[in-house]
Amino acid sequence: MCDQTFVAATFGPCDSCSKPSPLMNIYIKNEATNYCSLCVEMMACQGLQKGETLESLKRESETLKKKLEEERNKLNDVECNVSVILCWPILIVWDAFTLNKEHGVPLPCTWVLACAYAPSGCAIACGGLDNKCSVIPLSLDKNENLAAKKKSVAMHTNYVSGCSFTNSDMQLLTSSGDGTCALWDVESGQLLQSFHGHTADVLSLDLAPSETGNTFVSGGCDMKANVWDMRSGQNIQSFESHESDINCVKYYPSGDAFASASDDATCRFYDLRADREVAVYQKDSIIFGASTCDFSLSGRLLFAGYNDYAINVWDVLKGTRATILFGHENRVSRVRVSPDGTALCSASWDSTLRVWA
Amino acid sequence: MARDMSDKEILKMELDQLKKEVSTPRTPVNANCTDTIAFVEGLAPNDPLIKGVPDDKNPYKGDKGGCIIT
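Protein sequence lines, in the order shown, are assigned to chains A and B.
Per my numbering: the first sequence = residues 1 to 357.
Per my numbering: the second sequence = residues 1 to 70.
Isolated chain B (complex conformation):
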């Protein structure tokens, strides 16, 4: 566990990890963000919290149905 290790051991562990990470394959942000945007835009029309729910399907419409659970 980390709290049982001395500072030197912790730093050594971090160093080993960073050495492994240096060679991770990375793709440019531009491409990834376009993918993310496309993903979101594709799903957004189906997201009830974004597009809203039609009144007849909304059980909480008006004053009835809202309450607090304790």
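So here's chain A without its partners, still in its complex pose:
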């Protein structure tokens, strides 16, 4: 640490070390004292606990900055085919064909970062900066007050960045800014399993597509993507080849691979059986981070939304870019392909959802 330069009004013996040097007038516990700059530095360091260094504190501030950036999101998530949108602070369920709003649920929390449809289509889970993930049962009765039936299921110590129902309506998997993922029982709100291993915020998770699958993949700010076993809570595999935060992870339709989109402007394809990265989708002309990715039905195409307002479509097998989709006026925050594979929906900070078919 080097001394900062400062204008010294006084020169004389320091109040703590008694060495004559230029003095800084500071206030300790409301008393004016004069310390030399070395003593001021030493005092500042005493505030640190043993083992902490300025480096680690700096890292902490970086993660806080990231959180702030997420808080500025206007529109954050989309599910297909009957879409669910998170708007501030209303949860809207759209029918993508008729363009009608089916339900609108006002939420008390200002920023919602994640949402998911239950497999039966009867409920929605959503969570965000309120550190909770809540489940709202849907009903066809238009007059019913859906907000009143909202039930808090997950409780984290930091924001909820992603949520997904497992194969049943009864279990919910969440990922959080506190660096953990957790599996919850919806009825009782009990924590069934927690997954520790990330050393920074977890930004995204995705469940393996198979009916009997018990694994999921999560990606976080520590640049790692981890594959977990849901029953044991163990981290089975981990991949660390990205150079920046992983914003989104998505399983391949076959269940043997997954892709990740990251702030380092690349998307990478990892094979689980070979336990390594097999493809990197990048171009010199793409310098903005990718915030989201999704596969087409057959897995031939990878749609990735970037912060330069475009969606790049990559040919998964060839590793080349197939096409670019322009249209949004602000960054693309989420893309999802519909379950039948006929359309792609993209959500953006320009407050619109676009369906591409």
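No lab work stands behind these hints: they were computed from the structure.
One or more of the hints may lead you astray.
[What the hints assert, rightly or not] Cβ-Cβ distance ranges computed for the label pairs, FRET-style:
1. A:S232 x B:L15: 18 to 24 Å
2. A:C122 x B:P28: 43 to 49 Å
3. B:N46 x A:I287: 20 to 26 Å
4. A:L38 x B:R26: 50 to 56 Å
Here a beta-carbon is modelled for each residue, glycine too, at the ideal position from N, C-alpha and C.
The hints should help you fit chain B onto chain A, whose structure is shown.
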């Protein structure tokens, strides 16, 4: 939580995890990639985004039907 742990504890956790991972069974990329390619080629003809949709079934054909949801 990771942010409550000191650097030493984090490194220890990572080390434990890596030790477990060293013994994971792995298959060569060659075999897996051939499988992946076969999988994709098998499904590709049914992928509406690749093969396209016949005009009579396409509700967005022409100028009608396209719009933006806000």
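Please test the hint of 18 to 24 Å on the beta carbon pair from S232 of chain A and L15 of chain B. holds, 20 Å
Does the Cβ pair C122 of chain A, P28 of chain B satisfy 43 to 49 Å? Because 44 Å falls inside the window, the suggested range holds.
Verdict for N46 of chain B, I287 of chain A (Cβ pair) under range 20 to 26 Å: violated, 36 Å
Kindly confirm whether 50 to 56 Å is satisfied by the beta carbon distance between L38 of chain A and R26 of chain B. holds, 55 Å
Checked against the numbered hints given earlier, the structure breaks only hint 3 and satisfies all the rest.
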